[in-house]
Amino acid sequence: MENKNGILLESGTNELEIVEFLIGDNRFAINVIKVKEIIQPIAPTKVPHAHPYIEGIIELRGEVLPLIDLAKALGFGPSNNPAQDKYIVAQFNQQKVVFHVHNVTQIHRISWKQIEKPSQMYQGLESQIIGVVKLNGNMILLLDFEKIVVDINPQSGINVERVKKLGKRERSNKKLIVAEDSPLLRKLLHDTLAEAGYVYVEFFENGEDAFNYLQAIVQKGKPVESEVQLVITDIEMPQMDGHHLTKRIREDEKLKHLPVIIFSSLITDDLRHKGERVGATAQVSKPEIAELVQMIDQYIL
Numbered sequence: 623m624e625n626k627n628g629i630l631l632e633s634g635t636n637e638l639e640i641v642e643f644l645i646g647d648n649r650f651a652i653n654v655i656k657v658k659e660i661i662q663p664i665a666p667t668k669v670p671h672a673h674p675y676i677e678g679i680i681e682l683r684g685e686v687l688p689l690i691d692l693a694k695a696l697g698f699g700p701s702n703n704p705a706q707d708k709y710i711v712a713q714f715n716q717q718k719v720v721f722h723v724h725n726v727t728q729i730h731r732i733s734w735k736q737i738e739k740p741s742q743m744y745q746g747l748e749s750q751i752i753g754v755v756k757l758n759g760n761m762i763l764l765l766d767f768e769k770i771v772v773d774i775n776p777q778s779g780i781n782v783e784r785v786k787k788l789g790k791r792e793r794s795n796k797k798l799i800v801a802e803d804s805p806l807l808r809k810l811l812h813d814t815l816a817e818a819g820y821v822y823v824e825f826f827e828n829g830e831d832a833f834n835y836l837q838a839i840v841q842k843g844k845p846v847e848s849e850v851q852l853v854i855t856d857i858e859m860p861q862m863d864g865h866h867l868t869k870r871i872r873e874d875e876k877l878k879h880l881p882v883i884i885f886s887s888l889i890t891d892d893l894r895h896k897g898e899r900v901g902a903t904a905q906v907s908k909p910e911i912a913e914l915v916q917m918i919d920q921y922i923l
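Numbering (the working numbering), first residue to last: 623 to 923.
If you're looking for bench data, these hints aren't it; they were derived computationally from the structure.
Heads up, some of the hints might be wrong.
Said to hold, decoys possible - With a cut-off of at most 25 Å between alpha-carbon atoms, the simulated BS3-like pairs for lysine-lysine come out as follows:
{"id": "1", "residue 1": "LYS842", "residue 2": "LYS786"}
{"id": "2", "residue 1": "LYS739", "residue 2": "LYS756"}
{"id": "3", "residue 1": "LYS756", "residue 2": "LYS796"}
{"id": "4", "residue 1": "LYS769", "residue 2": "LYS658"}
{"id": "5", "residue 1": "LYS809", "residue 2": "LYS739"}
{"id": "6", "residue 1": "LYS756", "residue 2": "LYS786"}
{"id": "7", "residue 1": "LYS796", "residue 2": "LYS809"}
{"id": "8", "residue 1": "LYS756", "residue 2": "LYS769"}
Source: prediction; values computed, not measured.
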């Protein structure tokens, strides 16, 4: 997959590549950046009393990895044609997991602009869908793999207790903006940042909305620092991703001094250079919320 990652153009282009796969006749996708490799199924070792979505564990090049039955996690039935099944080996949130899917079809290069936000009618706080892509007459659903993993292992998610371990926090009058597309994560970030003393936080569902907000401040003739002291952004978001948002901020004479912290499941040693290239002030891997708070402290207190 390293070569595929290399195809991904320059950082900040607002483009991505997705691996399309099937569960039954339904088309889903995962960001290529998360995919380490795609392999033929191997028999898993069953684990007693495991979560219902866990098929077992497999050994891959000396590593023991959990195998997630994605059909079961999404509420679908088993494969009709097991001979076509594939395992997608993925890495995010500082962990490796394997997803059992019913087939892998192709790779598409698309713009984040092509990804529509799911409607509130079918996307509540607990939704596993982060975007809908219309391609060649088909609808492809981009899944929230982080949420699927957190549903299985809540300890792997953002945890307010980690902030409490930082000790007593004073209330801060600093103003932050956060670009994060997941409703669940927006709520968790709201609660944990409030616990850390940061109560003036404006949330946006994507990088485009956040950037338009910053531009509106500039257009009113106000110094942006009077309204916003720091930006936190996810990477994967419909319309405008976090790398492109960071690049646009750095290219704007009135905004370029703002600290920008990328807080994403995609911060790994292999991918950190992408954030550096677009001028991120700091990068923190989800779910390390305590480290994020310490970074915010460092740059604005």
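Going through the hints against the structure:
1. LYS842 - LYS786: Roughly 38 Å separates the two Cα atoms, so the pair is violated.
2. LYS739 - LYS756: Roughly 12 Å between the alpha carbons, so the hint for LYS739 and LYS756 holds.
3. LYS756 - LYS796: This hinted pair is violated, its Cα atoms lying about 40 Å apart.
4. LYS769 - LYS658: At roughly 19 Å apart (the allowed maximum being 25 Å), LYS658 and LYS769 satisfy the hint.
5. LYS809 - LYS739: holds, 17 Å
6. LYS756 - LYS786: violated, 43 Å
7. LYS796 - LYS809: Answer holds: LYS796 to LYS809 is near 19 Å, not above 25 Å.
8. LYS756 - LYS769: holds, 23 Å
Against the hints set out earlier in the document, violations occur for numbers 1, 3, 6.
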